[in-house]
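Could you build the full structure based on these sequences and the hints that come with them?
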Amino acid sequence: MSHDSAPQPLTAGPGAPLRGSLRPPGDKSISHRAMILGLLSIGETRVEGLLEGDDVLRTAAAARALGAGMERVGEGRWLVRGVGIGGLGDPAETLDFGNAGTGSRLMMGVVGGQPVTATFDGDSSLRSRPMRRILDPLTRMGTQVLSEAEGGRVPLTLRGPREAIPITYETPAASAQIKSAVLLAGLNAPGTTTVIEAAATRDHTERMLRLFGAEVTVTRHGPEGHGRSVALTGQPTLRGTDVVVPADPSSAAFPLVAALIVPGSEVTIEGVMMNPLRTGLITTLIEMGAEIERLREREEGGETVADLRVRASRLRGVVVPAERAPAMIDEYPVLAVAAAFAEGTTRMQGLHELRVKESDRLAAVAAGLKANGVAHLVEGDDLIVHGDGTAPAGGGTVATHLDHRIAMAFLVMGLAARAPVTVDDGAMIATSFPSFLPTMRALGGGIAD
Numbered sequence: 005m006s007h008d009s010a011p012q013p014l015t016a017g018p019g020a021p022l023r024g025s026l027r028p029p030g031d032k033s034i035s036h037r038a039m040i041l042g043l044l045s046i047g048e049t050r051v052e053g054l055l056e057g058d059d060v061l062r063t064a065a066a067a068r069a070l071g072a073g074m075e076r077v078g079e080g081r082w083l084v085r086g087v088g089i090g091g092l093g094d095p096a097e098t099l100d101f102g103n104a105g106t107g108s109r110l111m112m113g114v115v116g117g118q119p120v121t122a123t124f125d126g127d128s129s130l131r132s133r134p135m136r137r138i139l140d141p142l143t144r145m146g147t148q149v150l151s152e153a154e155g156g157r158v159p160l161t162l163r164g165p166r167e168a169i170p171i172t173y174e175t176p177a178a179s180a181q182i183k184s185a186v187l188l189a190g191l192n193a194p195g196t197t198t199v200i201e202a203a204a205t206r207d208h209t210e211r212m213l214r215l216f217g218a219e220v221t222v223t224r225h226g227p228e229g230h231g232r233s234v235a236l237t238g239q240p241t242l243r244g245t246d247v248v249v250p251a252d253p254s255s256a257a258f259p260l261v262a263a264l265i266v267p268g269s270e271v272t273i274e275g276v277m278m279n280p281l282r283t284g285l286i287t288t289l290i291e292m293g294a295e296i297e298r299l300r301e302r303e304e305g306g307e308t309v310a311d312l313r314v315r316a317s318r319l320r321g322v323v324v325p326a327e328r329a330p331a332m333i334d335e336y337p338v339l340a341v342a343a344a345f346a347e348g349t350t351r352m353q354g355l356h357e358l359r360v361k362e363s364d365r366l367a368a369v370a371a372g373l374k375a376n377g378v379a380h381l382v383e384g385d386d387l388i389v390h391g392d393g394t395a396p397a398g399g400g401t402v403a404t405h406l407d408h409r410i411a412m413a414f415l416v417m418g419l420a421a422r423a424p425v426t427v428d429d430g431a432m433i434a435t436s437f438p439s440f441l442p443t444m445r446a447l448g449g450g451i452a453d
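Take any residue in the sequence shown, count from 1 to its spot, add 4: that is its number in our numbering.
Read the hints as simulated data drawn from the structure, not as lab findings.
For clarity, every value in this text was computed on a predicted model and none was experimentally measured.
Keep in mind that the hints are not guaranteed to be accurate.
[Claimed, not checked] Beta-carbon label-pair distances, calculated as ranges:
#, residue 1, residue 2, range
1, Met74, Arg23, 32 to 42 Å
2, Val77, Gln148, 42 to 52 Å
3, Leu281, Pro227, 14 to 24 Å
[What the hints assert, rightly or not] Here are the simulated SDA-like cross-link-like pairs (lysine to any residue), alpha carbons at most 20 Å apart as the crow flies:
#, residue 1, residue 2
4, Lys374, Asp385
5, Lys374, Ala395
6, Lys374, Asp428
7, Lys374, Asp386
8, Lys374, Gly384
9, Lys374, Ala403
10, Lys374, Asp392
Think of the CB as a built atom: it goes at the ideal place given N, C-alpha and C, for glycine as much as any other residue.
In structure tokens:
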């Protein structure tokens, strides 16, 4: 699917309560990493529940171009035959990541630590996103940037060294993508590569590296222990393994919030990952008064998962501290929608990272709120939403800026606003939640093409 094709507007309108159950697609973060670590392993990696959205399929195509054997053996079931660390080959063509920021940045870490040369590119949205934060530590590890667009953006060409240089790197921002790129490059470094982060970010890379056989040590860092120091012993032999991908909490966020704000709704969301570094939205919504019940907690693919029973709830405004942002960075657009229905003021602090996502999400969310009559304010990196406990006016058209989470968030708003809400393009929703429209319609949500 091309993200530069004709826009596909969608409109969501208020209707009956949402009822039923669903299992969201596989977690995107784990799906990306399963493809990448399968490439870098010796032997076969079998993946169950892979998110077969455009972003992950672009990562799978890049892994194939770098030498992996890649076979789809059923719905969400993939077999990856790896080439091992140091076994990658130069791809014959440009690695086109479409809209996939995570896939492109993580794969830059892979290429940057291996003796291969590859060119990275993507759609107009990806071409606008900053890559310098990834390139800076990689160049310290021996990566050569042979060409780049202005400001360190794609298209760019990297050449990795015979062996990467192990470094200790303190990330300038709370970003799992930066951390992961450095650790992936460090796989081909003799010695220990250490990443220090002031605030703990999602730890899927560390968990999955251990699953594949790497030695990774994680210790608390900083005066209050909010940060982490992650040390990787380089040049391990990674072994292919079985990976079961749990349901994506970032995708679950949309039907979850919809069930909270559409009066009379009750929805069960099955198999959702409960990693504490990914459940900031659930923590926040419960603080706001949301009725969310965890059922059947269990282990899948090295992660704790649970079914969530969600009932329509009266929400109240809260302060969301900045240190929670890494645990819910992708969920702020839909949290802002929930806040629009809450009674009182919700202040979301420290949202700088929203400015460097698929779009400037902070600006895009603010514009969407304005278009639908929601009182709000942006103060520095804080978003403040004022609600009165009733449904907002709605009736607006929201510019999505090729951002799937902006599109889904404001379609959720339209299901409970006083007037329908339109998004200018919903085509890119397939990057993370290909079944979003049929899923929401099956629950009773009125979303029209």
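Checklist entry - Which hint numbers does the structure go against, in order from smallest to largest? => result 2
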